[in-house]
Amino acid sequence: MSSNSTHYVAAAQTETVVVDQLHLSDKKSNLWLDAWRDLRRRPTFWVSVVLCVFIIVMAVVPNLFTSVGPSGAACDLANSNADASAGHPLGYNFLGCDIWSRLVHGTRTSVLVGVMATAISTVIGVIMGALAGFYGGFLDSLLSRVGDVFFTIPYIIAAVVVMSVLADYRNEFVLALAIGGFSWASTARIARAEVLRVKQSDYVTASISIGLSRFRTMLTHVLPNAMAPVIVVTTLSLGTAIVAESTLSFLGVGLGGATVSWGADISQAQTQIRSAPLALFWPSLALTVTVLAFITLGELLRDAVDPKSRAQR
Amino acid sequence: MSDIENPTSRARLRSSTKESVVSQPLLQIRDLTVSFGTGKKAREVLHGVDLDVFPGETVAIVGESGSGKSTTAAAVINLLPGTGAVTGGSVTLDGVDLLGASRREMESIRGRDIGYVPQDPMSNLNPVWSIGFQVEEAVRANGLASNRKEARARAIEVLKQAGLADAERRMHQFPHQFSGGMRQRALIGIGLAADPKLLIADEPTSALDVTVQRVILDHLASLTREKGTAVLFITHDLGLAAERADRIIVMNQGEIVESGPSRAILEAPQHPYTQRLVAAAPSIASQRIQAVAERRGVEHLEEVVDAKPVVEVRDLVKEYKIRSGGFRSEPFRAVDGVSFQIPRGKTLALVGESGSGKSTVAKMVLQLEKPTSGSVLVDGADTSGMSRKEVFGLRSRMQPVFQDPYGSLDPLRSIGALIAEPLRVHGVGDEKSRRERVFELLDQVSLPREVAWRYPNELSGGQRQRIAIARALALKPSIVVLDEAVSALDVLVQDQILRLLAELQSELDLTYLFITHDLAVVRVAADLVCVMEQGRVVEQGTVDEIFASPAEDYTKRLLAAIPGAEIPLGGNL
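Keeping their order, the protein sequence lines are chains A and B. So in our numbering, spot 145 of the first sequence is number 840, and the numbers just go up one at a time. So in our numbering, spot 400 of the second sequence is number 415, and the numbers just go up one at a time.
Since the hints were made in silico from the structure, they are not lab data. In this text, all values refer to a predicted model and were calculated from it rather than measured experimentally. There may be inaccurate statements among the hints.
Claimed, not checked - Below, simulated SDA-like cross-link-like pairs (lysine to any residue); rule was C-alpha separation at most 25 Å, straight line:
| no. | chain 1 | residue 1 | chain 2 | residue 2 |
| --- | --- | --- | --- | --- |
| 1 | B | Lys56 | A | Lys894 |
| 2 | B | Lys55 | A | His718 |
| 3 | B | Lys571 | B | Arg303 |
| 4 | A | Lys894 | B | Lys404 |
| 5 | B | Lys491 | A | Ile848 |
| 6 | B | Lys385 | A | Asp729 |
| 7 | A | Lys894 | B | Lys571 |
| 8 | A | Lys894 | B | Ala432 |
| 9 | B | Lys385 | A | Tyr830 |
| 10 | B | Lys491 | A | Thr915 |
| 11 | A | Lys894 | B | Arg303 |
| 12 | A | Lys894 | B | Arg428 |
| 13 | B | Lys55 | A | Lys894 |
To be verified - Stretches of chain A that chain B covers, calculated by requiring three or more beta carbons in the stretch to come under 8 Å of a beta carbon on chain B:
| no. | stretch |
| --- | --- |
| 14 | 909-922 |
| 15 | 925-938 |
We put the CB at the ideal spot given by N, CA and C, even for glycine.
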């Protein structure tokens, strides 16, 4: 029975506890290691990783998957819209070309353009965002307004214009430049916001007072800590860039007629949708699966590097 | 409640308080256990807590971070964060079982029977709604008003009671237009809006300046005394608990280690943990922490004026431009004519409340900000005319340690890389000798060498602060600027770091510029003190002089506001 004035003392522990004892776990940990431990337990992560690796291997060495050529001499009009047969698992399209072979060879164009366009938009976006966020002031106003201008231009329309003007120079790089050059504004905004946040940290002040120049501080301490959300956005925009390539090819302003690409195939097959729906179905499925794989990876990555969403699961 | 009714109701309350001493406690907690996580990962954080709060009584729960004091409070109002859940025991309020209450019953108990004042006044008010709206919301949620007009009238009354004099005008203002103290008053008003029987105050003033803290807690005390409200007061500050509470409950690692009348606990702590806690708590009655037996304290200014100052600050002024609408801007003097000197091997504490300009002075000393006028002299050399290269050289002789142990280390770098960074930047030694130096520094701050391969997030706040100190010492500086370097740490860890700093000072003959808001820490850590208010130096001298006979009103007020100043501490081991 306790009352107002009793003085209770718990039994004293025999060992005296050391103040602020060091507890090192066996496992090292930091943001990326924790994210990795979180990711590797997720089946969806492994599914999308396997798919992405599969797609990239297909893009690099298409001949591993098919010995049939995708176009030219390999096509025989006699096989127009023919059904699947031995060695031709998905059948033939309108022009008598092997659909599986066109899918495999089209991967390279789609993935190459997607990766290049994403790389271009990420590099431009990070540079613009980091400079604006870190240096602030007039430079920030200037770069942010430039970003706003690009934000208002739908990049598909801009890319259509660029590809029409540069009709004589249509190749993968120009296409990637057209897509990436107009889609960096959102990356820049995210990079700027992150840099602004990280810039406030004491460790940035600490490194300046060590004697590190502002520029080197930005490179070594601010940017690495600001990259997590940027990397996530990158994987997401890889998906959209692949779609953009297909869209442009579909609209006829993509790569030239000789280039094999999913977008071009979808575009060609749509005229035959009644007589040969499968010719439309297969490249569309390839596109969907690829984009889904990259976007899923991006979303998992975003959840893994965000400790808040990790705690909720 | 009108003024005419007050005397009678107070009398009635007093008599009822007397009765209840012999009768039942208002809040009764028995063998409470709380766990976080489920299944295999479940971790018990409270291991059987017994606790009584009688009507009209103020009980303080004291403990370090992670002791379970806030978890206990959260369990009472059934608001455990995340995966936390009560796994055993009972909590009853006036005979009503709180753990068995339904969500709806609990909602009516919260606010009406148990008021709650949260810790952080900055984040606990919604920035997009006016103060008036948020108080009216609380009034209406507790069914204290049937229509808008009544709600408004009651809200004004509540805010006035909480000490906001011009409540009618303030009602329309938004949280960002309120100072920290005013926000806390508004939150106290919300907590007491429905005249609850019990008020839980979770570190209600830890984010505020000491003088503001004093005023607010005085007001809270008179308010709860008048209404006969029982208060469960959660704090990390023993002195504050002793000053404000009838009884103190000391918690450590989810268990109550000692409980009893406040004075008894502070004057004659029984449990070894409480004894250590009391001994580590800095107070103005404490002595300067000394590394060795030699006398380090300075009794008179004359003793040190002859020594050549390592750091000298002359008439330092810093003006900022504040936008005042349109393109006009007004100058604002953050630092106004500050001068002081620090002799070699001594510690000068720059003390002041928030907005006093003390951190701005530190930044100017560290060459992170340019003074508007005045100069900083290091070893007799004026820094204002220095070239970039000279400033770079200066940085190796002067290093900072910042307040936030969680923010001052780059989370993506290993500890070894962080400590070696200054050496790399200044091109000191080769890879191998730098690694040796890192080990040496880790030894100096008493951390094992394997920490060099770890990352900051594996360490506690105190350990991170050791790393920050090791990094600051890497270039063998003669001056270290400690910007609130121990303010974020628990008492025992704080004491440990202060001792480490004192040892390093005598070992390496370091000169410290110690920026702090905590006068009790100044007492144990500094030789000289410089009190700042609104950008100016109000008073300066040796610690002994200033603490024994403060000349200025402001200094006197600051000293008087140190919680538990008059209570003699026992338990010095």
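> Which hints from the list above does the structure break, by number from lowest to highest?
Replying inline: Structure breaks hints 1, 5, 6, 7, 11, 13, 15.
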